[in-house]
Each structure stands twice: as structure tokens, then as C-alpha cells.
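J.: If you're matching them up, the sequences are chains A and B in order.
Residue numbering for the first sequence follows our numbering, beginning at 1 and increasing consecutively.
Residue numbering for the second sequence follows our numbering, beginning at 389 and increasing consecutively.
No wet-lab data here; the hints were simulated from the structure.
Hints may contain errors.
No more than 16 angstroms apart at the CA atoms, straight line, and that leaves these computed lysine to aspartate or glutamate pairs for EDC-like [stated by the list, open to error]:
no., chain 1, residue 1, chain 2, residue 2
1, A, Lys-214, A, Asp-53
2, A, Lys-112, B, Glu-627
3, A, Lys-240, A, Glu-217
4, B, Lys-485, A, Glu-245
5, A, Lys-112, B, Glu-585
If you want the footprint, here are the derived chain A segments under chain B, 3+ residues with CB under 8 angstroms [claimed, not checked]:
no., stretch
6, 252-263
7, 284-296
Derived DEER-like restraints, expressed as beta-carbon distance ranges [unchecked claim]:
no., chain 1, residue 1, chain 2, residue 2, range
8, B, Leu-711, A, Asp-172, 34 to 42 angstroms
9, A, Ala-133, B, Val-536, 25 to 33 angstroms
10, A, Ala-221, B, Ser-620, 30 to 38 angstroms
11, A, Gly-355, B, Arg-519, 55 to 63 angstroms
12, B, Ala-586, A, Gly-163, 51 to 59 angstroms
13, A, Ile-256, B, Glu-608, 41 to 49 angstroms
Bear in mind that the values here come from a model prediction, so they are computed numbers and not experimental data.
From the three backbone atoms N, C-alpha and C, an ideal C-beta is built for every residue, glycine too.
Okay, here's what each chain looks like letter by letter:
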Amino acid sequence: MRLLMAYSWRNVFARRLTSLLTIFGIALVVFVFCAVLMLSNGLRQTLVDTGNDNNAVVIRRSAQTEISSIMYRNDGNVVKADPAIATAPDGSPLASGELMVLITKTKRGSDKTSNVPVRGVSDKAIAVRPNVAIVEGRMWRPGSSEVIAGAKVARGFQNAGLGEKVRFASRDWTVVGIFEADGSGFESEIWGDYDQLAPAFERPIYSSITARLKSPEAFAAMKARLENDPRLTVDVKREKQYYYEQSSFTTTYINILGMVISIIFSMGAIVGAMITMYASVAGRTKEIGTLRALGFSRLTILSAFLVESVLMALVGGAIGVFGASFLRFAEISTTNWDTFAELAFSFETSPQIIGSALVFAAVMGVVGGFLPAVQASRLSVLAALRTK
Amino acid sequence: MRIFKLIFKNTGRHKLRTFLTILGMGIAVMAFTVIRTTIDAWYAGAEAASPDRLVTRHAVSLTFFLPLSYADRIARVEGVEQVSHASWFGGVYVDPKNFFAQFAIDHKSYLDMYPEFLVPEDQRQRFNQERNGAIVGRRLADRFGWSVGDPIRLAGTIFPGDWDFVIVGIYTGAKENTDESAFFFRWDYLDERLRREAPIRSGYVGTFAVQISDPERSAEMSQAIDREFRNSTYETKTETEEAFNLSFVSMANSIVLGLKLISFMVVGIIMLVLGNTMAMTARERISEYAVMKTLGFRTYHIVGLIFGESLVIAALGGAAGILLTWPIGNLVKTALGAFFPTFATNPLTLVMAGVAAMVVGLLAAIFPTLKALNTPIVEGLRIVD
């Protein structure tokens, strides 16, 4: 077996140019394959990280997103009184009734516009979400036209940086602080005081209520209680689940498109590998005859060529994965169609992605190398030796 | 003329390899056209826009509504011919995966302003008579197997509750790029229920469609409309229908950009496949070229032979790819139908694909030609394969 591997490995180098072209083709395909998976994984990861296992989100029934959810403030008080919700040291419930609206703003360095989510939050917002921290500037003062901006909004949109004035709802709002939230979706939002934003937008309602639970296990009981409460028409979801669902439309789009492109690309690469392997077999007819005469079985010959093809594909796959790993430094910002809001995220790799990329490469190698390998193993010893 | 015969004979010498090369190129060329078509699909809405229509929306963002009373005030602006309105409904049909666009429209004016939606006269009459009637696009009807008379229930996301409609008409597009996957129903049906269940939301619409007499004055007219509502509670933003539709493309800018990059990478794959074959071919025939040179064939004969063969394969591969575009394009159309209202291959894309294939054909021949020319005759003759 060692001998076989060495033979195959050396053969990859025997025809440098064609092998290189084939390897490069496979690398390109694997690169695209990885990029697509990393993109949808990054989007999903960003949204899932936005959620917290200890939190529950309450929105109006069947609204699916905060943007289309409207709950009256009385309903909010009913929700906040639920016994499953943890309490602050002063005895008030750790729940934040919030307003979410979209404003259309121009991106930095272009005239393109996109929707920025603006969240009107209560004083409990940060207590409920421990991952949110102000990294520059300060919190707004209650009762003033001040807001804080997520780090990604501040970078991506005009007039959203620290000290700048962003205009919406007929008022100018000064950005007094920049916050980060472990790279999660909150960094793509602008936060302001609910008591200022709700009247400014003329929306005296809650879009959602995010509540910290006494324990993650308390969720089921709370869900049953609130969803069956005749005074309310709400959906109660775990925060993680809620944000996960908000990635479905866009990730489905990226995945379908990406898979179609990868499959089509892979067929191109398989054909490339086939051409190379057929040439490799044709060029070594005499050699194969010799090997067979020395007593190597047909199966060994078949394996040798198959291994050669797979090795080539794996080298290509490794190059593709390596190249794609650099994509992690790129930040993507696009509209999440589930929420209609701009979301900044990055390509995120994972062991599964690397694994499936290499498997994908190996499959291309097997499929591309199989027919040529069969041809090689079928050569008759005499005829093969007689070729000049 | 005989050189052409030689080119074709050469092309057929390694039948399997030539076939595989053509296949590989065909797949890659097809990938190029399908990806380009997908990119075009993003812009389809902007392409289909009419220059004499403006869209007025709430200045803050599309998720805010405007009072219906603005229609009369817009209509009074000089140069405005007609005003209609449409509101995004965002309902769910059975499962959120069955996404399609739904609009509550002013049934009296909307279809007049959008002549590209062709509705048979009797179905339009019914739409005017039946308050819960809906007119749906041909493609949408085909997707769910709907026909006229079917009851449809949508679960509201923006407007709570279950909403029942009856399909009273199916429209077709007047042009290739008309969106045939929308669901239109009457705004008064929506408003009637809101008045009962959520009175503070009644009387509002999502966007106004404004028809103007002179498309040349669209910028000026947009400003005139917005000026009318400046400093009111509901400030407006008016733009041409094209700009309005393009704003959706710009939201997905990164994805469109990614697709564009990938479409160029495909050209790289075509290059690799053909380049690989030509490199092999040239290496195998070095001694042959030496014989030909000895026999008195000139340099341009050799150059012509290699370039000719490369171009023949490239042309066949390109043609195969262009032919493959239709079946594969249809598959993609079915898979991604929910995401794109229209999915049609632009003839220009096919031309681009053809040109790309031929350019690749030329490029792939350069290296083997150089090798053939730079090998001295004696050296070439010495090679015994």
C-alpha cells in the first residue's frame, strides 16, 4: 500500500503543468463552495449569537419579526408580570419593552441606501443583554435627543459615527456612544430611549418584549401561560430561536444559489480531472503493462490511478479551503430579507465546512478519476507492452 | 483551404478528450450565462419600471405608512396625471417558505396605471365588484396550482389575523420582464377590517404611485411633491419607479457583487479546461510540427493549426454552453422562483458568453504555439514518445 501511495503521489508531479491546471481548477471550485457555506454560516452565526439562552422574546402572534409586531402597552405590562421573569435587585422585572423601526439611511462612501434598525429601549435593555457594552462615549441621558450606535452601523452609515448627528423622525439625534455586542446583530442597530423614540415616531406601542428568565427551564411554562392568556395575542420564543428564524429566508437563498453554482462548477472541474487522468493513463500505457507483468493486480492498478486522482483533488481542495479562510477578514453587509434590515456579518468557517469541502474535493477526484482508472486496469498486458 | 481540413482532422484525433473538453467548456459557459441571468433578475424590477411613474413613500422608511388623504394633495401638484396606491401586506400562505409579494391596491386606479398587468375585462369587472377578490400573476397561480374561483387564506404578519380572499382574476405580463408572481387585492377590504379591529391603523397606505405627464421633469416633480409635505408629521420621499426599485438591489449589493465575481471566476474555469487540453495536445505533437516544418510548412501554418483547433473546440464548447442555458436556467428558475419575479436570459449575456469562449480559445492557444515555434526542428524530431 505504501508503494502504491508513493507511485501515485510521484505521478502527480510527473506532468506538472496539466496536474497544476487540474489542481487549480478544483481549488477554485472548493473556494466557491467554501465561500458560500461560510457566508450563510456567518449570517446564521451572527443572528444566533444575538440571542441568549436565558432570554425570551415576546412578539405579536404570527408577526415573525419585531418590525411587523405591534403590542399595546397594557399587553406589555401583562407580559412583564409573568412569574418566570427574573427580577432586578429593586424588585422590578428584568424585562425590556422595546420599539423597533427601520430608517432608510445612506451608506458611507456611496450614495446607496439601506434600512437601519432603530431600537427604542428601556433602562433594562442592557441588564437583559449582558453582551452589550459601550466601548466609546457614554449612554444617552434620559429625556434628551441622544442615541447610541452599534459599532457596525457607526462604521457603515453616514452620520452615524460618534459625535455625529443622525436625522430621523423629524429630529436630529446626537450619537453619544458606540456599543459592541460580541459581533452579534445588535451591532447593526441604533439604540435610543423608548420614551423619546416612541412619541417621535408616533408609535406608542411595543414591538417586542425581551425578558430574562429565572432559569432556562422556566421557558415552557411561561410560553404556555402567555400564549393561552385570553388578554394577549402573542408568540413567545426563546431569543436564540427567534433570531435563528430570522436567518431562514436569506440563508435559504444563499444556500440554494451556492449549491447550484458549486455543483455546476464541480462538473467543470470533474471533466478537467478526467481529461488529465485519461492523458495520464494514455502516457503510461507501457508502464502499466510492465506493472501488470510484474504481478500487480488489476485492482492495484485501478486503485493507483484512483488514488492519484483523489490526491490531486485533495491538494486542490486544501488550497481552496486555505484561500477561503482568508475571507474571514472581509466584513459583509447586506439586507437580511427576513427583517428587511441591514445586517453586517463576516464569513465564518467551521470544522463541518472544512470537512465537507474536503469530502467534496475527494468526490470530484473519485468521479473524475474513475473511468480513466478503469481503462487503465483493463489494458491487456501484451498490448500494453507492445506500444512504443 | 486544406489547412481547415487538417484542423478538423486534428480536432477529431482524440475524440474522447475533445468531447470532454467541449463538455467541460459547455458546462462552464452555461454557468456563466445562468449566473449572469441571476444577476439580471435582481435588476429586472428596475428594468421593467416605467419612466413616467414616480413612487412616494414615507421619508423615514418603507415600513411607515402615509395617510390616504395625501392622494388628493399629490393629485393637485401640477403635472400629475393620476395617483394610485399600493401597500405591502406580507401575509403567509400556509408556510413562511411559500413567500410571494402581496399588495393591497386601489382597485379603481392601480391597474389603469400599470398597463403591463394584462387582466381580461370580465375578470377586472369581478375584481371591481367583489371586495375580497384577488388578482394573481400567471406564474404565481401556476406555482400553487390556483385557478379563478379558488379561495385563498393568508395569515397576516403586519396585519394580524387570517385574511380570506377569492381569486377573481389571473394576470399576464405585457412584457418579458413583467413580474408575474404578485398577488393584488383591494385596499378597501383591508381597511374595512382595520377600521373595526385596529382603528388607529385605518386610512393609511404604504406607497403612492404617481403618473406624471412629462417623464423629463421627474426630478423636479419629485421635489415638488416632497415640498408639499415638508415639516408635516408624515414627510415623504418621492423618486422614480426605477430608482425606487434599484434601492432594493442596492440593499443586496454584496450578494450581487459576489455573483458578479463568481461569474468571472467561471471564465477562469473555462480557461483552465481548454488550456489543459491545448497544452497536452501541443506537447504530443511537437515532433509532428517538426516534420511539417521540414516539409516546408511555414510558421503561419503551424500557428493557424494550433489556433484553429483551439478556436474550433472553443466555439463548439461555447455553443454547447449556450444551448444548455435553457434547460438549466429553467431548473434554477424553478428552484429560486420564489425569490425572483422574472428570470429571463438577456441576449447580450449569450453574446458575452460566446465572446468569452472565443477569447479563451485564443488565449489557450498562445502557450502551445510558443512552445511549438520555439522548439528547433532537430530538437522536435528527436522526441520519441
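J.: Taking each numbered hint in turn, which are not upheld by the structure, reported in ascending numerical order?
T.: Hints 5, 7, 8, 9, 10 and 12 are the ones this structure does not satisfy, whereas the remaining hints hold.
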